[in-house]
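Enquirer: Protein chains in written order, with this note's numbering: chain A, 136 to 489; chain B, 136 to 489; chain C, 136 to 489; chain D, 136 to 489; chain E, 136 to 489.
Because the hints were derived from the structure by calculation, they are not lab data. Bear in mind the structure is a predicted one, so any value in this text is a computation, not a measurement. It is possible that part of the hints are untrue.
Note that identical chains are pooled: a pair holds if it fits in a single copy or bridges any two copies.
Unchecked claim - Straight-line alpha carbon distances no greater than 27 Å define the calculated DSSO-like cross-link-like pairs of lysine-lysine that follow:
no., residue 1, residue 2
1, LYS217, LYS161
2, LYS161, LYS486
3, LYS375, LYS259
4, LYS296, LYS217
5, LYS348, LYS384
6, LYS160, LYS259
7, LYS375, LYS166
8, LYS390, LYS379
9, LYS174, LYS383
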Amino acid sequence: MARFIKSRKISNGTAPGSLIFIGNKKMEKSKIHLMLYNKDLFSEQWIDGVDEIPETVEENMIMWLNVYGLQDTGLIAAFGEKFSIQPLELEDILNTDQRPKVTEDDNSINIFLKVLEYREETQKVHGDQISLVIGKNLLITFQERQANYFEPIRERIRNNKGRLRNSGSDYLAYSIIDTLVDGYIHTIESLGSSIENMEEEVLTQTKREIIQKIYNLKTNIGFIRKNVWPLKEMMLFLNKTDSKFITKKTLTYLKDLLDLTTQAMEAVEIYYNMTNDYLSIYHANVGNRTNDIMKVLTVFTSIFIPLTFITGIYGTNFDVLPELHFRYGYFIMLGVMALIAAAMLYYFKRKNWL
Amino acid sequence: MARFIKSRKISNGTAPGSLIFIGNKKMEKSKIHLMLYNKDLFSEQWIDGVDEIPETVEENMIMWLNVYGLQDTGLIAAFGEKFSIQPLELEDILNTDQRPKVTEDDNSINIFLKVLEYREETQKVHGDQISLVIGKNLLITFQERQANYFEPIRERIRNNKGRLRNSGSDYLAYSIIDTLVDGYIHTIESLGSSIENMEEEVLTQTKREIIQKIYNLKTNIGFIRKNVWPLKEMMLFLNKTDSKFITKKTLTYLKDLLDLTTQAMEAVEIYYNMTNDYLSIYHANVGNRTNDIMKVLTVFTSIFIPLTFITGIYGTNFDVLPELHFRYGYFIMLGVMALIAAAMLYYFKRKNWL
Amino acid sequence: MARFIKSRKISNGTAPGSLIFIGNKKMEKSKIHLMLYNKDLFSEQWIDGVDEIPETVEENMIMWLNVYGLQDTGLIAAFGEKFSIQPLELEDILNTDQRPKVTEDDNSINIFLKVLEYREETQKVHGDQISLVIGKNLLITFQERQANYFEPIRERIRNNKGRLRNSGSDYLAYSIIDTLVDGYIHTIESLGSSIENMEEEVLTQTKREIIQKIYNLKTNIGFIRKNVWPLKEMMLFLNKTDSKFITKKTLTYLKDLLDLTTQAMEAVEIYYNMTNDYLSIYHANVGNRTNDIMKVLTVFTSIFIPLTFITGIYGTNFDVLPELHFRYGYFIMLGVMALIAAAMLYYFKRKNWL
Amino acid sequence: MARFIKSRKISNGTAPGSLIFIGNKKMEKSKIHLMLYNKDLFSEQWIDGVDEIPETVEENMIMWLNVYGLQDTGLIAAFGEKFSIQPLELEDILNTDQRPKVTEDDNSINIFLKVLEYREETQKVHGDQISLVIGKNLLITFQERQANYFEPIRERIRNNKGRLRNSGSDYLAYSIIDTLVDGYIHTIESLGSSIENMEEEVLTQTKREIIQKIYNLKTNIGFIRKNVWPLKEMMLFLNKTDSKFITKKTLTYLKDLLDLTTQAMEAVEIYYNMTNDYLSIYHANVGNRTNDIMKVLTVFTSIFIPLTFITGIYGTNFDVLPELHFRYGYFIMLGVMALIAAAMLYYFKRKNWL
Amino acid sequence: MARFIKSRKISNGTAPGSLIFIGNKKMEKSKIHLMLYNKDLFSEQWIDGVDEIPETVEENMIMWLNVYGLQDTGLIAAFGEKFSIQPLELEDILNTDQRPKVTEDDNSINIFLKVLEYREETQKVHGDQISLVIGKNLLITFQERQANYFEPIRERIRNNKGRLRNSGSDYLAYSIIDTLVDGYIHTIESLGSSIENMEEEVLTQTKREIIQKIYNLKTNIGFIRKNVWPLKEMMLFLNKTDSKFITKKTLTYLKDLLDLTTQAMEAVEIYYNMTNDYLSIYHANVGNRTNDIMKVLTVFTSIFIPLTFITGIYGTNFDVLPELHFRYGYFIMLGVMALIAAAMLYYFKRKNWL
């Protein structure tokens, strides 16, 4: 299965805007969490369907609906109808391979992005899709599985910490994206550490596993890169939009987020280049190692081959071979061989091969 | 024959706008399929020539003419005359190596693109040209061979599924392009799978076929890339045009298509870089394998060469060679040789060559 | 001599705008061809100097002057004076290493480009400069040698084929550029074929000539690239200019030419990258071949070195060497050696070296 | 620990704008240095807290507050309150891994950048964060440790040298950034010298340490690059801003700084590419060295192996081996061997291997 | 000393705009050459100081002051005062490592660029800084050493050739820059010739000096590149400026210069890439050569090792070794060995190793 693109195969030939869930079913039954709050009040509950959502909400109340699990296309359609979400956007919510993007219409701003997680068991970075629908005093978030990415934010709402209770749904959305981007940076940092820690190994060793490690890190960095680049586009869009759903106060925070995303992107590029450098250093070291092996071979061969040749001469059975009959012939031969060996060693020493 | 560019050789020196079919004849006789529909009515039939096309169509009726086969330049010219298509555009329809592009005039929007198909027998991605002429309540599509790329769309029209029957010819054109882009993504996905599946092989083996496989995948990805880049340009153009033939409602869909194209493009880039990485990993592995081979050679040679030298010494025929007459001379020699071999093995063990 | 840049050495220190011919003299004496035509009339003749050019031309007549040979600076100066061509532009006409460019003033649009030709004898792509001066009902073309690049266009004028006789000098200029760009595409196509045809060779062989062939193709592609890039700039300029010398009708054709240039440029990039891929594949294959050679060496050495060692042992002349006196000693030795050889062969088989 | 990105881990899940010190505590207790000056007057003192800062300052007096040490978040918060610095900016001051950037609001311009230092002991370039808050007649600078980066500027104020005493706080800020950028250029120059000085070594040697040295220089250049790129963005911003805190007079100086930054950036790119070239030259040299080693091995082996073979022949014990009984058999053999050796040497000489 | 950047070390910590000479003192005493001219009159003389410059000049007279030698900061300061040159610009004149740039204020346009010279003795391209101050009817040029770069221009003024005597100081400045750019192109051409002439050598040889030559050419091309890129920026600026010191007539010439600079830049890129190609071809050739050496080794070893093994067998001293006693044993052995050698040779022939 291709990791970097997923065909909308099932939907191929079906009408655009048809609601078909594209992805792996990651939980049994969808769940909905409802939160209502303003400066003074706060309530939360688990609900089962769209019909349990209160029809009217007090003017200054923020409603946050968090949908866990996307396989129930009927539920998503019901959401679409109730909150006037466009069919194409519903389709995007269900297509979990959606490229991070932001769309905007009269009713809402819709943001699609990924939460990134490094999983030890596969040694790969995985991404789950998070979709945000920002409306007036309303935020709906859709996620593929029941994971508590946003629990700290709920805690802040419950305990009335920070600006959340005093701000609108745009600030809530910002907080969520901020949490996700922090997660990106955390993932990049941990991959980056792995990469930097390999330095010693890469500079000194030529084990074959190193290349697999480098490649694995490189692919993961590539996966993050694929998700961070469109994130920057998205941030630029949100910083420039004049949508009524984003207040001027929140813009300052979005600018900060843009800076953060840029920083993440630059770090990703640096680490990506680093893996390339590693490949090329590894390669040079392999060549160097070949030289080392060759030197050992050459030194051994070059010393012993002439010596063996000499023994060969005196091993011949010629009738007339005067040296054989010298009294100290054998010892002279040993001496000569010692001299040759010493000369060779000196030669290799001078060549810096020893 | 060059695969990435095709000279308009025959037309070299002829007047621009002359109708000459450039390509391989892919069917015997051109065929025309005519479809007429609106919200309530629907009819379709095969016709033989331009004269069978109804002169007038009811106001709110959409007419879709699908021409199969381009070798009949007379037919194309008749189309040109009947629907006031510009000579240059007719020329582009017939030049099947046309770069994907879009042109616009008072009478129509003209879109030229490719349908991509991976063919097992050649192991190559091939592209057939599809040309679209969008007029008022009119869509003409030209294709090189009789292939049912758009059958699912016709089914949707026949069964009145989706928005097609309630929308204009621009939405019909969008549906067709959407189908083609889905096909691109499908092709990229399947090439991408092949590339990702090679990973294990590339990381561990050095067979010569691997490099041919990598190169084949790379060329195919390059072929897709050549067609996807101008597609993005085209989408940007269609999203910005203020042509009367594109309604505001369809614009939303075109924006979605732009996002899809961007995603396709990014995936293509990722896979393209991956094949480059493969080349460089393969290369490093070949170097590593050289080291492995060298180690075997060096270990064997370095152990046996000194031993053989010793046997050489005692194979000489000197009159005076005391050791030969020692009682246990032979066994002492064997022992010394065993010691030397052990020392060498220990040395190579410590060097991690064994 | 540098092929990619030519110093205006002679003119170094002389005043800008001085008329000095920079290039290789490619014909003995300059020649001028004069063509006059409109919808109804047509005449052509060879003339010798500027004074033979008719003083006044009927209102709706187009005059095309084609100058062959640039070494006669006096002639060029006379042209400059007669048609009010600016000194800097005259200088550019004479500097045959001029970068393709377009300039515009009140009197004319001036276009400088190259005709590209692949010459078998040098195996190099060569470029001759073509300069166009477009005025009202006037086109002057300057070329370095007497080559009939534009004969097909003249034929079309003579035979009144296509739009030429009914259009202005801008359309004539367009036709000429179109012919040149067709030539570019033809050259790219033929180089491209050579490159694609090398694929098999590059993937399977390591002959040293391959690298020379790759490099030659690469340099030629690089030479074309150098000329195609500024061509695109030129096309963009001509598409955006509001000069009175370019009619709206011709603009459509220029847009088509822009598309063609873009296509040429993209093909050039693809082939350029392909030569880079070839270099890197060649390189990997060389490494692979080293492995193959090493394997043969290692297999031979590793099998025979231990065997030779054994013969060495029984070649020693120790007084006491019991095995020598065994009845079947010799045959046992042969058997042991056969066993060792078989074991080694099995070992290399398992290592996949055989 | 990743060197190129630092997760705001502690703050993960906490509200944005919370004041948390991210970095390594580099001094025990924060210190504040206060400077007051105008054209005529000048005073300076060390103070302990925000309450010691004079409430009102005379109209034309410039106040420069330099805070050393950031671990005391209470102090930073007090500064924030007293001078109305935005919470997000306070957060940025405390986050010492902040990407160099500039923010602007009604109360101040806030600049975050790094001072770069090459430390011998780690052989790495390190960066300490410097934050500047520019207000009306006010400059606050925050730095992580007690280092006298700005002492020369203070000296100029004390001695009334240059324009400082006659200019506003924007010029003071400019002087500080100018000092930092000078430091960058100094660091780049010293790394650049190291890189250029390696040239000889890289071109002629293949010691394994060279690759480590190259990589170390490359990483350091990469670290500087990471800080210089955003600096250029910052300079462009400051050159275009219409903030009331930057006077037109200072703009000229900022433009000069922009040029300087561009120069630094270009030098960084050149040195970065140089390290890449070094890697590739090193690599080629390693291959060359393999050739040299191989030549020695091949020459030795190819000369002695045939000779040894000949001695082998005459070492056999055949009953009938006529040559053995020739009178000068031994000497003829020696002569033949000398001839063979000479022929081999000549062959290798001609091959240029000796 | 770093060649690509020079720290303003001495000025580090001093006030911006302080006049400090940064560079190597290239002549003993500064000299000033004064030229006055208009259409009709002309005079020139050497002067010693600013006080000898005529206070008033006739309305339509152009004054050109050429200062040779920059070490006398007092002189430069005097110039600054007399002609109201801004301190920062004076600083730039004295900082001879200034990046090529142009600044503009109410009094003047200031241009800083380099004259490039290839020096045989160092085999390096060196750059001396030229600064131009263009005022009303005034041009001041500063250069580091007494070199007659502009003598041809003076000749043209003296002899009233070309447009100089009839044009303003902007045209004079243009002429000077044109001369410098011609010099660039000349330098690029000569380096380019060296690069192109290496082709044969690079394609066929693997001498170690080749890599040093390639690297030297590459560094020189890199040095030119560093100076040409900002030159293009400068040209773009001068083409767009609406400064009163540049007349419309001169603009045409500046556009021509822009084209020339672009051409220079493109040639530099081509040659830069060519050196990269050379490195990679060299590298592939080294690998190929390894193969050649290995083949010789393998052929020799593989033929003689089995033969020597056979002699070893018949050199053993077994009591029972029947073959030794065959009448033609020795000759049969020789025959068998010849057969083996022939078989091996055939095998290597078929493998194309011979």
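Enquirer: Decide, hint by hint, whether the structure agrees.
Expert: The hints, checked one at a time:
1. LYS217 to LYS161: within (25 Å within a copy, 52 Å between copies)
2. LYS161 to LYS486: neither (65 Å within a copy, 44 Å between copies)
3. LYS375 to LYS259: neither (35 Å within a copy, 39 Å between copies)
4. LYS296 to LYS217: Between copies only: 23 Å across chains, 31 Å inside a chain, cut-off 27 Å.
5. LYS348 to LYS384: Neither: 45 Å inside a chain and 50 Å across chains, both beyond 27 Å.
6. LYS160 to LYS259: within (19 Å within a copy, 34 Å between copies)
7. LYS375 to LYS166: neither (34 Å within a copy, 41 Å between copies)
8. LYS390 to LYS379: both (17 Å within a copy, 21 Å between copies)
9. LYS174 to LYS383: Classified as within; 19 Å inside a copy, 41 Å across copies.
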